[in-house]
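Student: One line per chain: the protein sequences are A and B, in this order. Going by the numbering used here, the first sequence opens with residue 1, and the numbers climb by one from there. Going by the numbering used here, the second sequence opens with residue 1, and the numbers climb by one from there.
It should be emphasised that the hints constitute simulated quantities derived from the structure, not laboratory data. Cβ coordinates follow ideal geometry from the N, Cα and C atoms, glycine included. Careful: at least some of the hints might be erroneous.
[Stated by the list, open to error] For lysine-lysine, the following BS3-like pairs were computed, each having C-alpha atoms within a straight-line distance of at most 30 Å:
no., chain 1, residue 1, chain 2, residue 2
1, A, Lys49, B, Lys64
2, A, Lys46, B, Lys101
3, A, Lys103, B, Lys101
4, A, Lys55, B, Lys171
5, A, Lys138, A, Lys149
6, A, Lys103, A, Lys138
7, B, Lys251, B, Lys64
8, A, Lys103, B, Lys53
9, B, Lys27, A, Lys476
10, A, Lys103, B, Lys171
11, B, Lys251, A, Lys476
12, B, Lys78, A, Lys476
13, B, Lys183, A, Lys103
14, B, Lys64, A, Lys476
15, B, Lys15, A, Lys103
16, A, Lys476, B, Lys183
17, B, Lys78, A, Lys46
18, A, Lys476, B, Lys101
19, B, Lys171, A, Lys49
[Unchecked claim] One side of the interface only, derived from the structure: several residues of chain A facing chain B at Cβ under 7 Å:
no., residue
20, Gln76
21, Gln482
22, Lys508
Letter by letter, the chains look like this.
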Amino acid sequence: MNSEFNTAYENMGASSYLRIDFPEDTCIVDYEVGMIVSNDIKNLLKASKQVINGKTALYYNISSKVKLSQLIGHKQLKRNELISLIKGAVKALNEAEEYQLPKENIVMDPELIYVIPSSVEPYFIYLPIDGSGGKDLKELILELIMGNKIEMSSDNFIQVLLEALNSDPFSEDRLLGCINRYAVPDKNAQGSETHTIGKGPEIESIESMIPRQTISESVKGETVERPQKKELKPQRELPMGKKKKVKPEKNRKTNTDDKAESAEGFDKEKARKKFLLPQAFIMVMAAAMISFGAFTDAAGNIIINNVLGMVFVLLLIEVVIYREAFVNTKQSKSEKHKDKGERKKNKKDKAELMTSQRKKPPVPLKEGLQTKTEGNISTKEDELSYHKKIGRDTKPDDENEHGRDIAVRYNIPDELLANETVNAKNTTDDSEITEETMLWEGAFEDSAYLEIFVNGTVERIPLDKESTLIGRLGNKVDYTVQNPKIGKIHAEFINRNGRIYVVDQNSKNGTYINRSSQRINSNTPYPLKDKDLISLADTEFTLRCTDL
Amino acid sequence: MYVYGAICDIGDRRKENQDSILHLSGKLLDTDAGLFIVADGMGGMDKGAFASKSITDWFLSWWKEDLPQMLGAGFDSKDDIFELLEQEIWDINNFILDCSKRQNIRCGSTLSLLLLLGNAYYIENLGDSRIYLLRDKSISCLTEDQSVAAKMMREGQLNEAEALSSGLKNKLTMCMGMFEFPKSLRYFGKVEEGDTFIICSDGLYGRISSEDMALIAGEEGELQIKAQKLRQSIPKGSCDDNASVILVRNK
């Protein structure tokens, strides 16, 4: 940043600000000032403007944030912290572009980058002046690497990062794509109804971590009218969550063990106390008896019998206490659990027995179909929309964009897919042996497909190909739905090793999952599960597939 | 039946023509139909031309493939037509935005679109190109400019003369290719016999009064000649912007 600008820190109430004073001859771009003052631009510090005696000052809100230079002065950045920094930077650059703000005006100087300490999510200063110049993102990251500010790791993360930085031409999105696969998954991430892979998660992580700011949809300038469509807000996606630092400490091992054991019901510490306390009592009693002459006769000679008797009694008591404290407690706890389990099992068996003996109700139709039947109070669109299968343009793969590797296009890393855990859906209701009439699956039994219910019939769209396009324009998609509200190429369904994903193709009227009021992000694969409802604009499909 | 005349002129001072026009007339499912577009590109060099040409190219395909398919499927209501138009605007906007991002450039275009189907007209307008209607020798501007000056005028902060001479008249508040959500203004009406539509960029209407436009456009004769006459009515040397005009008449 130009060193001729004065900077100062000010506190106003509970908020902290970095003030930048611009000399009178500085060419300040009013439009850009307006943008950063009026809008909450992601990962840019919100600014407010003051003009005093003809001089302009901008106040950047840095509450709850620390300088990046300060952070890396104390320690090296961990991998996830660096990834968070890069993601935030790319986000800021992309957002700036949306607002017609030149990227080069975003200050990439660690002295002027402010981060949330826990996550190292960055917030940048935007200087609304002509020709501010300065470091770019690539130079920032290289500086961090060369300055040994990044924790080294045993894998090739740094090499991959350097290759991405040195690629010509340099692309922030490509950089992001390269590093995403190296993100350490957050073990605290909760599964939600919809998940994203690729670009999705960072949106949620950024939003969840912005302190005290209202997350609202950005308005591009005061003069733009918002369209009457559903808001393009990211959904609850795989949240990064607050990273809990797990620090295994050796001196806490015993407690950990105790805690582990207490999960089974036997507390060693308690048992030890239970054993030791009576020992103390016994010793006191023994000392008292000796001092009162219980083991000596009048002449002061030791009465062997008394001593032996005492020892015998003591031994007995010790054994009893020990058994009580350590052995019986353990046994009784485990027996309790066993009994509990057995009782539950017995209950279940009983219930099942009773159920089987009762007359079985009719097996309901599959949920998706039933829903459709109930929804058959058809709207105008339902009546009008019909569909037919039309093949795609028969272009050779190398010319056809959709012949490209889906995983590469949407940055679905193999290891992430392999590690995905999905609650095994119990579809045994379908496999129950029953004499009731059931729907014949036919050729779709083991394949994934979409169901669409129109005019009293259910039509199925197979999803056995790696990519299936659905839209309005027949010669561009695999499946046509003639509904003006559906885009020409509206959505893509990806089948990757049996997992189905939906990708909205930047449609006007959006794609929704399970009737959510928020549309999914465009160009981002969302994993789906059996019986999910996917709406393309106002046309609803039901996914049938085997949950993996 | 719709007849038309069209001019897309570089002007007297510009080195490149960033305007693009589209004029299509014929029958769709046995109904008289026409599609007319003036797009005034911006962004300098060939960027503006890229943006405006993208609009006309995409709508050409739309006219040939998308519209007939949907009309044939029975989607011919007013809402359906506007939905189809706005879907196309959405897609084109994304295309220009995407291309701009990839090439690290900024470009955009206005859009003045007139679709005639049977005896109805559908207008989609973004930016400050205009569509006028000359009916019974009376001219009216059907569209509203999406510019800062026009906004201030509507809010009463500027009068018309001030707005015309203000530097803010060239500051657009909406256009194609520069905003994530293109917000077009739509207009609908019935076409009467003898109606003449004038679609033009600011390079033309900024140099000629609406009264003069009405006089020239209202004369009998070939519309192509009238379009040329409108262009020539701007004094030589003073047409400092690209000037485009399409005249459409319901005969």
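Student: For every hint, state whether the structure bears it out.
Tutor: Evaluation of the provided hints:
Pair hint A/Lys49 plus B/Lys64 does not hold up; C-alpha atoms about 52 Å apart against a cutoff of 30 Å. Between the alpha carbons of A/Lys46 and B/Lys101 the distance comes to roughly 24 Å, so the proposed pair stays at or under 30 Å and holds. Restraint check: the Cα-Cα separation between A/Lys103 and B/Lys101 comes to about 12 Å, which is no more than 30 Å; the hinted pair holds. Restraint check for A/Lys55 and B/Lys171: satisfied, since their Cα atoms lie roughly 26 Å apart, inside the 30 Å limit.
Simply put, A/Lys138 and A/Lys149 have alpha-carbon atoms about 15 Å apart, close enough for the 30 Å limit, and the pair holds. As the CA atoms of A/Lys103 and A/Lys138 are separated by approximately 13 Å, the hinted pair is consistent with the 30 Å bound. Between B/Lys251 and B/Lys64 the CA atoms are separated by roughly 23 Å; this keeps the pair inside 30 Å, and the hint holds. With a CA separation close to 27 Å, the supplied pair A/Lys103 and B/Lys53 stays within the 30 Å bound.
Distance hint between B/Lys27 and A/Lys476 is fulfilled; the C-alpha atoms sit about 25 Å from each other, no more than 30 Å. Pair hint A/Lys103 plus B/Lys171 holds up; C-alpha atoms about 22 Å apart against a cutoff of 30 Å. About 37 Å separates the Cα atoms of B/Lys251 and A/Lys476, which puts this hinted pair outside 30 Å; it is violated. As the CA atoms of B/Lys78 and A/Lys476 are separated by approximately 26 Å, the hinted pair is consistent with the 30 Å bound.
Of the supplied pair hints, the one linking B/Lys183 and A/Lys103 holds, its CA atoms being roughly 25 Å apart against a limit of 30 Å. With a CA separation close to 15 Å, the supplied pair B/Lys64 and A/Lys476 stays within the 30 Å bound. With a C-alpha separation of about 29 Å, the suggested pairing of B/Lys15 with A/Lys103 holds against the 30 Å cut-off. Note on A/Lys476 and B/Lys183: the hinted pairing holds, with a Cα-Cα distance of about 26 Å set against a maximum of 30 Å.
With a C-alpha separation of about 43 Å, the suggested pairing of B/Lys78 with A/Lys46 is violated against the 30 Å cut-off. About 24 Å separates the Cα atoms of A/Lys476 and B/Lys101, which keeps this hinted pair within 30 Å; it holds. Under the criterion of a C-alpha separation no larger than 30 Å, the hint pairing B/Lys171 with A/Lys49 is consistent with the structure, at around 23 Å. Using the Cβ-Cβ criterion of 7 Å, the hint placing A/Gln76 at the interface with chain B is not satisfied: the shortest such distance is roughly 33 Å.
Using the Cβ-Cβ criterion of 7 Å, the hint placing A/Gln482 at the interface with chain B is satisfied: the shortest such distance is roughly 5 Å. The interface hint given for A/Lys508 holds, since its Cβ lies 4 Å from the closest Cβ of chain B, which is under the 7 Å cut-off.
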